[in-house]
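Asker: Residue numbers (numbering that gives the first Met the number 0), protein chains in the order written: chain X, 0 to 312; chain W, 0 to 445.
It is worth saying that the hints were derived from the structure and are not from the lab. Some clues are possibly wrong.
As the list claims (entries may be wrong) - Here are the simulated DSS-like pairs of lysine-lysine, each with C-alpha atoms no more than 27 Å apart in a straight line:
{"#": "1", "chain 1": "W", "residue 1": "Lys114", "chain 2": "X", "residue 2": "Lys271"}
{"#": "2", "chain 1": "X", "residue 1": "Lys249", "chain 2": "W", "residue 2": "Lys441"}
{"#": "3", "chain 1": "X", "residue 1": "Lys6", "chain 2": "W", "residue 2": "Lys285"}
{"#": "4", "chain 1": "W", "residue 1": "Lys285", "chain 2": "X", "residue 2": "Lys304"}
{"#": "5", "chain 1": "W", "residue 1": "Lys85", "chain 2": "X", "residue 2": "Lys12"}
Stated by the list, open to error - Reference listing, derived: stretches of chain W covered by chain X, where coverage requires no fewer than 3 residues with Cβ under 8 Å from a Cβ of chain X:
{"#": "6", "region": "195–207"}
{"#": "7", "region": "276–285"}
Predicted model, so just to flag it, every value in this text is computed and none were measured. For every residue, glycine included, the Cβ atom is placed at its ideal position computed from N, Cα and C.
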Amino acid sequence: MAFEIPKTSYTGKIKEVVLGKGDKAVTVGGESVYPFYLFEGEMPRLPKIAMEVYDSEPEEWAEAALEPFAGVTNDPVAWAKKCIDEYGAEMICLQLASTDPNSLDRGADEAAEVVKEVADAIDVPLIVWGTANHDKDIQVLTKVAEVCQGKNLILGPVEEGDHKRIGASAIGYNHTVVASTPIDINLAKQLNILLGNLGVPDKQIIMDPTVSGIGYGVEYCYSVMERMRMAALTQQDEKLQLPIICNVAKEVWKSKEVHLPDNEANMGDAKKRGILLEAMSAMTLLLAGGDIIVMRHPEAIKLVKEMLADLTA
Amino acid sequence: MALTGIQIFKLLPKTNCGDCGVPTCLAFAMNLAAGKAELSACPHVSEEAKEQLAEASAPPIRSVTIGTGDAAVKVGGETVMFRHEKRFENPPALAVLVSDTMSDTDVDGRLQRFKELRYERVGLSLRPELVAVQGDDATKFAALVGKVTKNSDGGIVLISTNPDVLAAGLKECADKKPLLYGATKDNLDAVANLAKENSCPIGVKASNLEEAAELTTKLTEAGLNDIVIDPGSRTVRQAFEDEVIIRNAALAAKFRPLGFPTITFPGEMTDNPMKEAMIASVFVAKYAGMIVLSDFYGESLFPLLVERMNIYTDPQRPLATEQGIYEIGNPGDNAPVLVTTNFALTYFIVSGEIEGSKVPGYLLIMDTEGLSVMTAWAAGKFVADLIGPFVKKSSIEDKVKHRKLVIPGYAAAESGGLEEELPDWEIMVGPREAAHIPAYLKSWRP
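With the hints as extra help, turn the sequences into a complete structure.
Answerer: Next comes the structure, spelled out in structure tokens:
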């Protein structure tokens, strides 16, 4: 029985943003259909995975998450290189956990020095993620922007409360910013407008809608991201036509469920459970429109990459 | 095009008899228009009105029930492409596969896991619903179906393309109204007769969408409407596309022949159990009516069940947890006492952080109708004159020696009022972000 396949009428396209420099620069965005709706139009490239590296020795990580990085967790440069050389990372996300005022409260100069060492040692794009403390992020990220001038880093999270200072330094030293808002499509749009008013060009902005993993509110970011894509692709909302980044690994791996031992509470193998919670959370966010997913476990990444290949085969 | 509530109302008897379960014909009409009621609930509607209303009264994806009594599971009934447009209605039923070529150990293990792998979360029970029984040999199949009905409380899917085999299995479980799968272009009449004689739902196994539409059309012409569709795709990309196209064709184009829930088989798309779980996670979000898994493992079934609960949560009704005292890590009489709201996410995050801090404590969860701290505070549901009486009545005073109450940083404005409401208590303002709770608790002293 012949029938006509109904098609969504798309009117917009996600802008392309180039991250990093040189041969290993990575372009994200460019899609003009809902995620993986390849029968309706184009998704010119697969979403990308960035691998996490921490600037200080992780505390209280589940065994399964530490295992792949044994021997390098106290050395961000070695850690980043391992991700690239051994696990094929196309992008690194350096989490500046040490700068958290509620933790080690490491100063801006010292933190920026570590970022520079990592940036100098690798050739893939480098995302640098602060602690969402406005005062501290302003000190740290503006310093990072300065000492890494010309590297085209991706600096985040940039929120309404600190967007002027960090945004200005991103313009001055030529970096990309992560516009970060708390699970709300209108706030996301507003921050993009504010950054635009400040003079940050669209090609230097990616959006962070604030994400969480399965069991911890994934449905909220899932729907906000779907609404962002609907507005961007079918309602000509130009201010939302930007790639989306999901910094989800740290959310998944701090949950109670990944720390339970084998077979506790009928939850099976602890390592596989952690990997699947991360990979399935990432998959869910990819279906909602994620362009970059920040991930931790190499086996979770492998599963997600296979799914990306299968969905676009 | 669907009719509006008012258009439907004009066709109803307008007697407000209440026999349909709602007090007025207008209310019933509104429910019909919203896809929340079935026309068959009205015993008095005229035949011609029925015909006119048939289109408007049925949801664009038919809802199909498999099983009876407590084991009955409803799939389909969906009305939107995106959950934020309204909500997703019936979560995809999860099934474990057993077959007549498996060893007894393999079958028993699966039935055992079907029974055991169940979870509690925010007062909801998360569990798989169905056992799918596959076979090619009538005698063995009947024996296996008999075993499954005896050893499991789940609904049943009978899988065979041989009508004689299906009939043999059906004899063992017809009273359970299993899904008969699958009717193909070659066996359609025979399987349709079985479904009709036993009033069971029927699953079509097509080789593509066009064929699926042809098969369902033949079935509806034969008077069978409880249909489940397998469009036959067995690659991830094609299966994903078919799910989207089926949903879109039924909703946007009102194409009735595809307006049925679907059944998917991730185990036929990979041999790797972890990959199978990944594929299933795609179908949970994107439109499957039923997902048959080759086996169950705690490490993958738990995330799938929770993902399913998350995606199928009504966006307009936040999940809430029960009011009360939650003891975390065996707290003693000198352990800290924290109070927060009963939004499920607030509860999960705050209790997770307390647990992560390794400082045992009492978490008082107050009923704020499922609102988060900031929203509840702004709405006047998490304020001193409500928190005070709640703490007093909670019997926390019997559990701790000290009188120090930690309130969320975002409710700091209530601390003055609370000191008046709870004169014996010292009110301490905790962090605004849950992530800062561990550091706070580590330095907390009674």
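Asker: For a C-alpha distance cap of 27 Å, please report whether W/Lys114 and X/Lys271 respect it.
Answerer: Holds, because 21 Å separates the two Cα atoms, which is no more than 27 Å.
Asker: Just to be careful, I want the Cα atoms of X/Lys249 and W/Lys441 compared with a cutoff of 27 Å; is the pair within it?
Answerer: The given pair, whose Cα atoms are some 22 Å apart, holds under the 27 Å limit.
Asker: Sort out whether X/Lys12 lies within 27 Å of W/Lys85, counting only the CA atoms.
Answerer: Holds, at roughly 26 Å.
Asker: Is the coverage entry for the region 276–285 of chain W by chain X consistent with the three-residue Cβ rule at 8 Å?
Answerer: holds (count 7)
Asker: Would you say the region 195–207 of chain W counts as covered by chain X, given the rule of at least 3 residues with C-beta under 8 Å?
Answerer: violated (count 0)
Asker: Verify the proposed pairing of X/Lys6 with W/Lys285, using a straight-line Cα cut of 27 Å.
Answerer: 16 Å, holds
Asker: Has the given pair, W/Lys285 with X/Lys304, been kept, meaning a C-alpha gap of at most 27 Å?
Answerer: 19 Å, holds
Of the hints listed earlier, the one the structure fails to meet is number 6.
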